[in-house]
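Input sequences plus hints: build the corresponding full structure.
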Amino acid sequence: KAGVTQTPRYLIKTRGQQVTLSCSPISGHRSVSWYQQTPGQGLQFLFEYFSETQRNKGNFPGRFSGRQFSNSRSEMNVSTLELGDSALYLCASSRLTQGRYEQYFGPGTRLTVT
Amino acid sequence: QKEVEQDPGPLSVPEGAIVSLNCTYSNSAFQYFMWYRQYSRKGPELLMYTYSSGNKEDGRFTAQVDKSSKYISLFIRDSQPSDSATYLCAIVQGAQKLVFGQGTRLTINP
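Sequence lines, in order, name chains V and C.
Position 26 of the first sequence, counted from 1, bears residue number 26 in my numbering, the numbering being contiguous throughout.
Position 62 of the second sequence, counted from 1, bears residue number 62 in my numbering, the numbering being contiguous throughout.
Just to be clear, a hint being listed does not mean it is correct.
[To be verified] Simulated pairs of lysine-lysine, DSSO-like, Cα-Cα distance not exceeding 27 Å: (1) C:K56 <-> V:K57; (2) C:K70 <-> C:K2; (3) C:K2 <-> C:K56; (4) C:K56 <-> C:K67; (5) V:K57 <-> C:K2; (6) C:K2 <-> C:K67; (7) C:K97 <-> V:K57; (8) C:K70 <-> C:K56; (9) C:K70 <-> C:K97; (10) C:K97 <-> C:K56; (11) C:K42 <-> C:K97; (12) C:K42 <-> V:K13; (13) V:K13 <-> V:K57; (14) C:K42 <-> C:K67; (15) C:K70 <-> V:K57.
If you are wondering where the hints come from, they were derived from the structure by calculation, not from laboratory data.
Computed from a prediction, not measured in an experiment: that's the story for all the values here.
Structure representation (structure tokens):
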């Protein structure tokens, strides 16, 4: 069974640019969540999508956006990059089946903004 | 005050010891609690989840929730060097929104 895949794994961008990150969930998982991980702030929730609808959003500026496609794959976009956006971006796919909760994180995309 | 507080450590114990990892949370409305393990350069891995006060056991791991004190714990019995990782607690706040603690870096010494 393939795990959660994220592309690209590493990315270097300059301030002011924009970036799009991709996440392919585990087959059968319709919920995809995105998190930002930094040494100072830890893991912070960005947003969650289920069946192409954003169900929840964290406290991030509007420069951070996302979407989910009909095949459950998800993308997140960060516009007008700032140095502080340098982080590991993680996505997780999940489902609740037969009373059991499954959740798996991808390996992350490490974004460096210079 | 952070919604979830976790001592970042680092914590270093000898192989075979019982490890106790703890978090406190501020909002008594929180119902679901999770524990994750994260190895270096990997995504977090869900270890256990629970939604009630008391203990939940899974192999060498026991998750404990005390809602009256707003305190959650993870115990690791017979700790192994392969348990060396960062352990994160999290509470569920709405649809799939997890609020994480800072994580505790654990080292098990052979």
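Do the hints match the structure? See the list:
1. C:K56 <-> V:K57: Not satisfied, since the Cα-Cα distance of roughly 30 Å exceeds 27 Å.
2. C:K70 <-> C:K2: 13 Å, holds
3. C:K2 <-> C:K56: 26 Å, holds
4. C:K56 <-> C:K67: Holds, because 14 Å separates the two Cα atoms, which is no more than 27 Å.
5. V:K57 <-> C:K2: Between K57 of chain V and K2 of chain C the Cα gap is close to 18 Å, so the pair holds against 27 Å.
6. C:K2 <-> C:K67: Since the Cα atoms of K2 of chain C and K67 of chain C sit roughly 17 Å apart, the hinted pair holds (cutoff 27 Å).
7. C:K97 <-> V:K57: Status holds; Cα separation ~8 Å.
8. C:K70 <-> C:K56: With a Cα-Cα distance of about 16 Å, the restraint between K70 of chain C and K56 of chain C holds, given a limit of 27 Å.
9. C:K70 <-> C:K97: 19 Å, holds
10. C:K97 <-> C:K56: 22 Å, holds
11. C:K42 <-> C:K97: At roughly 20 Å apart (the allowed maximum being 27 Å), K97 of chain C and K42 of chain C satisfy the hint.
12. C:K42 <-> V:K13: Distance ~22 Å between K42 of chain C and K13 of chain V Cα, so the pair holds.
13. V:K13 <-> V:K57: 25 Å, holds
14. C:K42 <-> C:K67: 31 Å, violated
15. C:K70 <-> V:K57: 25 Å, holds
The structure is inconsistent with the numbered hints 1 and 14, although it conforms to all the rest.
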